[in-house]
Amino acid sequence: MGSQVKWAGPRKRTCLAIEAVENRIVALTEYLLVYRAGAGSPGRGRHQRIRELRHDIARLRAWGQYLRGADHRPLWWRLLRRLGTWLGGARHARPGHRCARRAGVQRLSAYSVVDRAYAAQMEDCQGRLLTLGLAAGPWVADLRASRERLLAEVELLRDERRQLAEEAGRVAVVCWVLSRTARVRGWLGFSEGSSRIMDP
Amino acid sequence: MSGESGHPPLPAVFTLADLKQQMGGDEQAAMDLAGRWLDSGQVRQVAPPRPVFVRLNGAEPPDEAQLCLALARTFPSAVVVGGSALWRQGVSHQRDALLHCAVAEPVDNCALPGVRLHRRPAGWLEAVSRADGLRGHVHQLPMLSAEMAVADAALFADVWVPDRERLDLDRLAAEGVAAAQAQLATLGDHL
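Chains as they are written, first to last, in full-length UniProt numbering: chain A, 1 to 200; chain B, 1 to 191.
Possibly wrong hints are sitting among the right ones.
[Claimed, not checked] Counterexamples of contact, computed for chain B against chain A with all Cβ distances above 10 angstroms:
hint : residue
1    : A12
2    : E27
3    : L38
4    : R50
5    : P51
6    : L56
7    : Q89
8    : A104
9    : E105
10   : G114
11   : P142
12   : W160
13   : D163
[Claimed, not checked] If you want a taste of the chain A side facing chain B, the calculated C-beta under 10 angstroms gives, among others:
hint : residue
14   : C15
15   : I18
16   : A37
17   : G69
18   : L79
19   : L80
20   : A119
21   : A120
22   : E123
23   : L132
24   : R162
25   : L164
26   : E167
27   : V177
28   : G189
Because the hints were derived from the structure by calculation, they are not lab data.
Just so you know, even glycine gets a beta-carbon here, dropped at the ideal spot from N, CA and C.
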């Protein structure tokens, strides 16, 4: 499943994207917790899945950090954006593409991981729309505003996915740089502190 | 039930993403079709508004495999608890009428017939894991060990458990129950 956190109201496009990423982190963290608790396929496959989930969560956190920086555009953000354009600007989106890694582990591209977060958020909104569609009775008129808000959010997320596909290379660079920075900060004992997501 | 003629039928449990894929990526068509199926009662959202659906065959409740799959796809943290776990491990001679599951996340609504969901606090699954409290699966859903099921039922007192005389106490390790209770007690403030 996509997002697990309650929807809280209309936001601007960046906020919606951040929420999509954070909700996806919550969902993947739950899967990680279940796998670590011993559920899922046993043996090597389980460990591989755990590694994949951790890697995806780290990349989503990195992308979330980048999105949060977009409001104030600090120096690191501008440098990273330029680096992303320079190194990854020409790379096109390949949805669902998996990168073969050593030891036989296959991972989704950073673009696919983020795109799935947006897609899951979109589907959550559409699930709400379907639920609203079943409502009957005197409160239907009151639900019209909610319906229009949800439709607007679906449209915003669709735009966001379109834009994401155009900058797939940048997504890869940003996720690579920021996830490794976070790892180094972890080794040095600095907590991230910016995300509301807790590691299990 | 197929999304579009010529395509293979959808599985009994499917998501909106599955339906979109079957409709060749046409989101509006997928939404319209899902809306029609929901209106006619052919399918039901597992836990509205989450976009996971289960196909219904008239008044017949879905079979247990479908229920478990629907729960697993909707709630990643769903675990079989209480008397449902005890009966499936042969510790209880009394069968559950409903499948009792715990989820460590807010649940507003679960429309699945034959299932009862119980909310557990954050950290619950971790505490269960530390005590090695998961034992096997019911279809795709992980299940509490008998000892952990007893400790969990005693602590939260919200799940169905069989009568004491219907339990096979020889198959329950008292020290295992005590260890499970000690782990769950670490949840402390979350309770």
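**Violations among the numbered hints** = 2, 3, 4, 5, 8, 9, 11, 14, 15, 17, 18, 19, 24, 25, 26, 27, 28
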